[in-house]
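Novice: These are the residues of each chain, in order.
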Amino acid sequence: MFVEGLWPWWLGALALGATCFGYPLLLGRTCTVSGFWGGVVNWRQEREAARAEAELAANPQAAEEAMLEAVMAELGGEIPEEIQAELEAMAAADPELSTPPSQSAPPRTAGPWGYLAFLVGLAVGGFIAAVARGEASLSLTMSPTFHAIFGPGALLALAFGGLLVGFGTQMAGGCSMGHGLSGTSNLQPGSLLSTASFMGAAVVVSMVLGRLI
Amino acid sequence: MVGCTRQSDCPLFERFVVSGSANIWRLLYCDKEEKFKTCARYEAGINGRTVPVNLLPNGQLLRSMRLGADDVC
Amino acid sequence: MAGTIVRTMVVGTWLGFTLSQIGFSDYDQLHLMFTFQDMRMLFTFVGAVIIGSMGFHLLAKIGRRPKVHRPIHKGTILGGVFFGAGWALSGGCPAVPLVQLGEGTLPALVTAAGIVIGVVLFQWVQRRHLNWDTGSCLH
Numbered sequence: 068m069f070v071e072g073l074w075p076w077w078l079g080a081l082a083l084g085a086t087c088f089g090y091p092l093l094l095g096r097t098c099t100v101s102g103f104w105g106g107v108v109n110w111r112q113e114r115e116a117a118r119a120e121a122e123l124a125a126n127p128q129a130a131e132e133a134m135l136e137a138v139m140a141e142l143g144g145e146i147p148e149e150i151q152a153e154l155e156a157m158a159a160a161d162p163e164l165s166t167p168p169s170q171s172a173p174p175r176t177a178g179p180w181g182y183l184a185f186l187v188g189l190a191v192g193g194f195i196a197a198v199a200r201g202e203a204s205l206s207l208t209m210s211p212t213f214h215a216i217f218g219p220g221a222l223l224a225l226a227f228g229g230l231l232v233g234f235g236t237q238m239a240g241g242c243s244m245g246h247g248l249s250g251t252s253n254l255q256p257g258s259l260l261s262t263a264s265f266m267g268a269a270v271v272v273s274m275v276l277g278r279l280i
Numbered sequence: 254m255v256g257c258t259r260q261s262d263c264p265l266f267e268r269f270v271v272s273g274s275a276n277i278w279r280l281l282y283c284d285k286e287e288k289f290k291t292c293a294r295y296e297a298g299i300n301g302r303t304v305p306v307n308l309l310p311n312g313q314l315l316r317s318m319r320l321g322a323d324d325v326c
Numbered sequence: 485m486a487g488t489i490v491r492t493m494v495v496g497t498w499l500g501f502t503l504s505q506i507g508f509s510d511y512d513q514l515h516l517m518f519t520f521q522d523m524r525m526l527f528t529f530v531g532a533v534i535i536g537s538m539g540f541h542l543l544a545k546i547g548r549r550p551k552v553h554r555p556i557h558k559g560t561i562l563g564g565v566f567f568g569a570g571w572a573l574s575g576g577c578p579a580v581p582l583v584q585l586g587e588g589t590l591p592a593l594v595t596a597a598g599i600v601i602g603v604v605l606f607q608w609v610q611r612r613h614l615n616w617d618t619g620s621c622l623h
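Chains as they are written, first to last, in the numbering used here: chain Z, 68 to 280; chain F, 254 to 326; chain S, 485 to 623.
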């Protein structure tokens with residue numbers, strides 16, 4: 068049942084699945100590691116955005132007033148009759164446009180520090196697990212299969228592979244957590260297709276690499 | 254409805270719902286065939302930049318009255 | 485905001501622990517999964533999707549379901565292909581190199597560096613050449 072101290076599939080499924088909806092439960096948005104990497108790389112922009120978010124969340128009333136003011140300024144001081152009529156028609160046709168969303172709470176943006184904290188947490192978690200399995204040790208090698216495949220090209224494979232991961236997850240807008248877990252469990256078409264694509268590619272490449280052993 | 258496909262996700266409409274005034278932006282930008290591409294939020298988005306929640310389609314940054322216009326981060 | 489950061493780090497730690505305990509940070513295990521020689525982690529993944537799905541339903545019941553809108557766009561397939569290829573090469577779905585670092589596997593630093601370069605590279609390409617509409621401003 069336990070593969071060298073690793074979890075059986077059902078335990079892993081429970082833990083991973085729990086993370087998938089646990090993250091939104093605690094933080095109001097989905098978990099996507101590729102998004103966090105992107106957020107850390109875009110540090111300054113993310114920090115500005117987090118500030119704006121906090122500012123508005125601190126005083127929603129003032130925010131609404133500011134919005135009204137901005138809209139009036141855009142329209143030159145007053146709402147022309149045609150626009151007023153169109154607004155009313157819009158509200159009548161789709162009442163949802165004027166009701167606060169009941170199912171989603173505004174995300175608590177932690178900003179780039181939060182994203183960094185998550186990434187650091189991943190390492191801490193890995194450390195704890197390794198210690199628990201009695202396997203924690205500094206090592207300059209990856210696992211045996213990796214070296215059997217790549218030999219002297221090991222570092223190149225890591226660098227290039229990492230580059231493809233960084234590039235591809237940004238292009239697709241998600242990773243194995245964002246698309247693979249959160250997206251598919253919500254039956255989102257983009258996630259289903261992306262997951263199929265990355266799993267397919269990983270399988271094909273792995274099979275080819277396997278021949279090099 | 255032709256226009257910006259990101260409307261359903263745009264925080265502009267989720268966060269400012271009470272007064273309904275945010276819907277004006279739909280009329281001025283989102284629903285307009287070519288106009289939505291000039292929306293500052295859309296432009297930032299497709300250029301891979303982070304879109305702050307207070308960025309208005311006309312490029313202005315919404316500032317809470319409580320903090321004032323010259324509160325620079 | 486500090487509370488959010490702490491909470492985020494806690495979940496990150498939990499995920500890191502989980503990924504390590506499942507075996508996602510072990511290239512051997514990943515290779516066995518991707519070549520269908522060992523289905524354990526595949527079942528883990530599928531099981532996690534099902535449990536996640538149930539979890540989202542529960543969240544909806546208490547009014548805390550976040551918006552998850554992921555439409556198909558220009559980068560969906562190609563991005564996935566690049567990612568999958570990179571995953572098979574380096575063993576890193578973006579979380580893994582960090583977990584590996586925590587476990588003491590120093591070469592993962594190279595992988596992580598590669599990821600950062602890849603992220604920067606894509607953002608540059610997107611800005612300069614592509615301008616692809618990925619359907620949403622949210623990550």
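Errors might be hidden in some of the hints.
Away from chain S, derived, C-beta distances all over 12 Å, residues of chain Z [claimed, not checked]: (1) Glu71; (2) Val100; (3) Ala129; (4) Gly143; (5) Pro147; (6) Glu149; (7) Glu202; (8) Ala203; (9) Leu231; (10) Ala268.
Between beta-carbon pairs, the in silico distance windows are [claimed, not checked]: (11) F:Asn300 x Z:Gly144: 31 to 39 Å; (12) Z:Leu205 x F:Glu296: 43 to 51 Å; (13) S:Leu605 x Z:Ala124: 48 to 56 Å; (14) Z:Gly72 x S:Trp608: 21 to 29 Å; (15) Z:Glu141 x F:Glu287: 36 to 44 Å; (16) Z:Pro256 x S:Leu526: 16 to 24 Å; (17) S:Leu542 x Z:Leu207: 43 to 51 Å; (18) Z:Glu149 x S:Leu542: 43 to 51 Å; (19) Z:Ala158 x S:Arg612: 23 to 31 Å; (20) Z:Arg200 x S:Leu562: 49 to 57 Å; (21) S:Leu542 x Z:Ala160: 28 to 36 Å; (22) Z:Gly95 x S:Leu526: 27 to 35 Å.
None of these hints come from the bench; they were simulated from the model. Every residue, glycine too, gets a C-beta built ideally from N, C-alpha and C.
Novice: Each hint should be assessed against the structure and marked as holding or not.
Specialist: Do the hints match the structure? See the list:
Consistency note on Z:Glu71: stated as away from chain S, yet its beta-carbon is not over 12 Å from all of that chain's, at 8 Å minimum. With a minimum CB-CB distance of about 4 Å to chain S, Z:Val100 fails to clear the 12 Å threshold, and the non-interface call is violated. With a least CB separation of 19 Å from chain S, Z:Ala129 remains clear of the 12 Å interface cut-off, as annotated. Every C-beta of chain S lies more than 12 Å from that of Z:Gly143, the closest at about 28 Å, which supports listing it as non-interface.
With a least beta-carbon separation of about 29 Å from chain S, Z:Pro147 lies farther than 12 Å from that chain, consistent with its non-interface assignment. At roughly 29 Å, the least C-beta separation between Z:Glu149 and chain S is larger than 12 Å, which holds for a residue marked as non-interface. The beta carbon of Z:Glu202 is not kept farther than 12 Å from every beta carbon of chain S, the shortest such distance being approximately 7 Å. The Cβ of Z:Ala203 does not lie farther than 12 Å from every Cβ of chain S; its closest approach is about 6 Å, which violates its non-interface assignment.
The claim that Z:Leu231 lies off the interface is violated: its Cβ sits roughly 3 Å from the closest Cβ of chain S, which falls inside the 12 Å cut-off. Non-interface call for Z:Ala268 relative to chain S: violated, since the shortest CB-CB distance, roughly 3 Å, does not exceed 12 Å. A beta carbon spacing of about 33 Å between F:Asn300 and Z:Gly144 agrees with the range 31 to 39 Å that was offered as a hint. Taking the beta carbon of each, Z:Leu205 and F:Glu296 are about 47 Å apart, inside 43 to 51 Å as hinted.
At about 34 Å, the CB distance of S:Leu605 to Z:Ala124 disagrees with the hint of 48 to 56 Å. Against the hinted window of 21 to 29 Å, the Cβ-Cβ separation of Z:Gly72 and S:Trp608 comes to about 42 Å, which falls outside the hint. Look at Z:Glu141 against F:Glu287: about 18 Å separates their beta carbons, and that is not inside 36 to 44 Å. Range check, Z:Pro256 to S:Leu526: about 22 Å between beta-carbon atoms, so the 16 to 24 Å window is met.
Our hint of 43 to 51 Å for S:Leu542 and Z:Leu207 holds, since their Cβ atoms are close to 45 Å apart. Between Z:Glu149 and S:Leu542 the beta carbon distance is about 46 Å. The supplied range of 43 to 51 Å therefore holds. At roughly 41 Å, the beta-carbon separation of Z:Ala158 and S:Arg612 lies outside the given 23 to 31 Å, and the hint is violated. In this structure the supplied range 49 to 57 Å is violated for Z:Arg200 paired with S:Leu562, their Cβ-Cβ distance being about 38 Å.
Take S:Leu542 and Z:Ala160: their Cβ atoms lie about 33 Å apart, and the range 28 to 36 Å holds. About 31 Å separates the C-beta atoms of Z:Gly95 and S:Leu526, a value consistent with the hinted range of 27 to 35 Å.
When each numbered hint is compared with the structure, violations occur for hints 1, 2, 7, 8, 9, 10, 13, 14, 15, 19, 20.
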